[in-house]
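Single-letter residue listing:
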Amino acid sequence: MELNVVDLSRLQFAMTALYHFLFVPLTLGLSILLAIMETVYVMTGRRIWRQMTKFWGVLFGINFAIGVSTGIVMEFQFGMNWSYYSHYVGDIFGAPLAIEGLMAFFLEATFVGLFFFGWDRLSKVGHLITTWAVALGSNLSALWILIANGWMQNPAGAAFNPQTMRMEVADFYEVLTNPVAQAKFVHTVSAGYVTASIFVLGVSAWYLLKGRHVELAKRSMTVAASFGLAAALSVVVLGDESGYLTTEHQKMKLAAIEAMWETEPAPAAFTAFGLPSMKDRETHFAVRIPWAMGLIATRSLTTQIPGIDQLTERAEDRIKSGIVAFDALQKIRAAGSSAAVSDADRKAFEDNGADLGYALLLKRYVDDPRTATPEQIKAAAWDTVPSVPTLFWSFRIMVGLGLFFIALMATFFWLSARRTLDRYRGLLWIAVLAIPLPWIAAEFGWVVAEIGRQPWIIEGVLPTAAAVSSLGAATVLTTIVGFVCIYTVLIVIEMALMLRAIRKGPEPDEEPEAELIPANLVAAE
Amino acid sequence: MILHTLIDYDTLRVIWWLLLGVLLIGFAVMDGFDLGTDILLPFVAKTDIERRTVINSIGPVWEGNQVWLILGGGAIFAAWPPLYAVSFSGFYLAMFAILFALILRPVGFKYRSKRDSAAWRNGWDWALFIGGLVPALVMGVAVGNVLQGVPFHFNGDLRVFYDGTTLFELLNPFGLLAGLLSVTMLVMHGAGWLMLKTDGPIAERARAFGSLAAVATIVLFAIGGAWLWFGHFGYRITSEIVAGGPSNPLAKSVELARGAWFVNYATHSWMMLAPALGFVGALGSLALLRAGKGGFSWLLSSVSILGIISTVGLSMFPFILPSSVDPRSSLTVWDASSSHLTLFIMLVCALVFVPIIIAYTSWVYRVLWGKVDPREIGRDGSHAY
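Chains as they are written, first to last, in my numbering: chain R, 1 to 525; chain F, 526 to 910.
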């Protein structure tokens, strides 16, 4: 197989994004858990909560530093590897990234130093504000990144400008209130809260099994289980699903996830298991649950969900309309000044401009989309189907894990309420073994969202293949090797540091614990 | 949105050109001193506790400072998309080197003192040195190349092609001179910080190295100016300038013009203030280092950084990134920005958030004010690196 720049750039982006996303969810959730723990400390004066905040804070810090550095890589990579993308949509896509820096990242990174170095320099409330500032900063950061990502999935509020050959903002409010971005934000931060909760729960369970730091572990588990249960419910109930029906390609993503090759009469059946085949365009050995799909996706018995067949037909129409737009665009640009553009061309572009990106799908087959044959148009329409087996399985793994997290959290919430957290060793072991699972779910979630967006880098606007920089394959390969090396070293060091800090446990607290019942209070006779 | 038409497109472009300068200067001043401190680390601190003192002098603040770089990247993406696309992909391997160094830094900070082996710690100290040196050097080299013109061109679809061949092409004499200037400037800046935050032998050595760096900064900046004067540098727009037109670089024509980088100073003599500040700041920083006033020296080295970076920007105005192989592809203030609306929205965001950022950053520095106490570092329960 010949390595081309598009595939290599995608590989590098996927690799660095998935890697970065190992650190992000824990930062999102643990920052909030730290703030909750410290709030309890400030409100009750009980020093064990201060000790807890400091202990989990150490683990937070190890995770945070790598999250920051790998995040810079993400921001730089758009320009480095995807320069045509950067030119084409920077007018819209750059803004949320810059606002993220202004509103969120400064807050988070400036206060994180004070969180660690400020324990003896700040008042109780002063330090609590610092911790909340870190939590607020990291969560706002996620908001702006997902507004940016949501726009890639559903490019609202923008229009193509033939004079600058790029997309430009038409309505910034639409970019901000993009329904896909909102669904993604809630889903992603909730997933981060679940990740951190399971991390805290699992590490604490290990302490209980070893009989170490029992007081700290039990309190931590109570916080993690209550917060985690709410978050786990939110991930599933307010899941991404709500965004799937908003646009054509999100419908394609949904159809691919469910391997719905053909449109079915409503309410459609849900394929629980099966082996989807892109070649045969059908799912072998499918186990189907009648009605379920229609109910889940549309919350009605009568709304029809389009299948892959119907969606590729629509894509074919849009490609044809895109060719008209492409032709009009060439004439508009050849005319030079806007006064010289004929009304017919102007109208053709106005009517079909929204489909311009579909014509660019043909660039894979012909240089000039206007010369494409009907077969090539058909092939390009079929290219709009993302990899069905990948989506089908990634989604099922993610959802299966999500349901397991609800059960796990509910169990420990119940145990915590009954004050029997340390009674069932089997359950504690399950909690320990569950630690890696939220990361697996989160990574598959990324796969569903971003592989599901293919072949588009911006849905319906710009194909991924057209967006890369004009770099040599060897150059990109060099940086891939470089990233693999440094990232491998980094993860080994990170894991070693984490395990060491966990084994070491919390720092002993010399100061006496605050008395909840004053000593001079005499019990009634 | 009609509101954005309150400010003309060309005015907004000039404002964002100024803000681009503010961001670069902000990065060089704020993250610059901790990069400079990293470079000085193996030289000003000999014993382990000295090295930990140096590292902890920037320990609580480097993460926040680095956001200037992240914000810089984001703001260039949002306000100058073609500049972002051309520079980041054109300087691809140089960018990778910077990223590599920046990834090395946090790991160095966090992991260095977690094991007792002397070889281990010494190794990480050199990693930190590289983590500070490489970004300082590479960014300087990049600026040196921008002043000469960078080999890139656009095709009709405004897709950018980089026509350079290897990374080593960037390491030409003038590029290296600019890289060295960038390093000495930040070392001077870091030395002032170390004198402010430490006592005894570290501060003494920082004074010696910082003085050397300040002298080198003055000399290199002067050589750079002379080189620009006698070299074949400079570009000029030969077509009519449309300051409020669409951002399409190919709509103009440009020619190579020797000495064009000095034209602005001839027409606007107040601009001479920028190079003057570059020299005066470095001289003042030198004098204050000698006098043992670290904090004031740091302020004066900040002024020098402001002067030097402003000199680069003002010399090239309205050019931002000239192209050496296809001059009309050059990016200028008038044809490389975002749309009118985006520039306006981003300006509103900057006006709201920058004062807030400055306020809480100042508060954090006030809380952390004072010298690093070496006795605190090894203490149980301390989060020091």
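Be a bit skeptical, because a hint or two may be false.
Below, in silico cross-link-like pairs of lysine-lysine (DSSO-like), each with a Cα-Cα straight-line distance of 27 angstroms or less [claimed, not checked]:
1. R:331 - R:320
2. R:331 - R:279
3. R:347 - R:363
4. F:571 - R:124
5. F:818 - F:777
6. R:504 - F:896
7. F:635 - R:504
8. F:896 - F:635
9. F:896 - F:818
10. F:635 - R:124
11. F:777 - R:210
12. R:124 - R:218
13. R:331 - F:818
14. R:363 - R:124
15. R:347 - R:279
16. R:331 - R:378
17. R:504 - R:279
18. R:378 - R:363
Quick caveat, the hints were computed from the structure, so don't treat them as lab data.
Does the structure break any of the earlier hints, and which numbers would those be?
-> Hint check: 2, 4, 5, 6, 11, 13, 14, 15, 17 fail, others pass.
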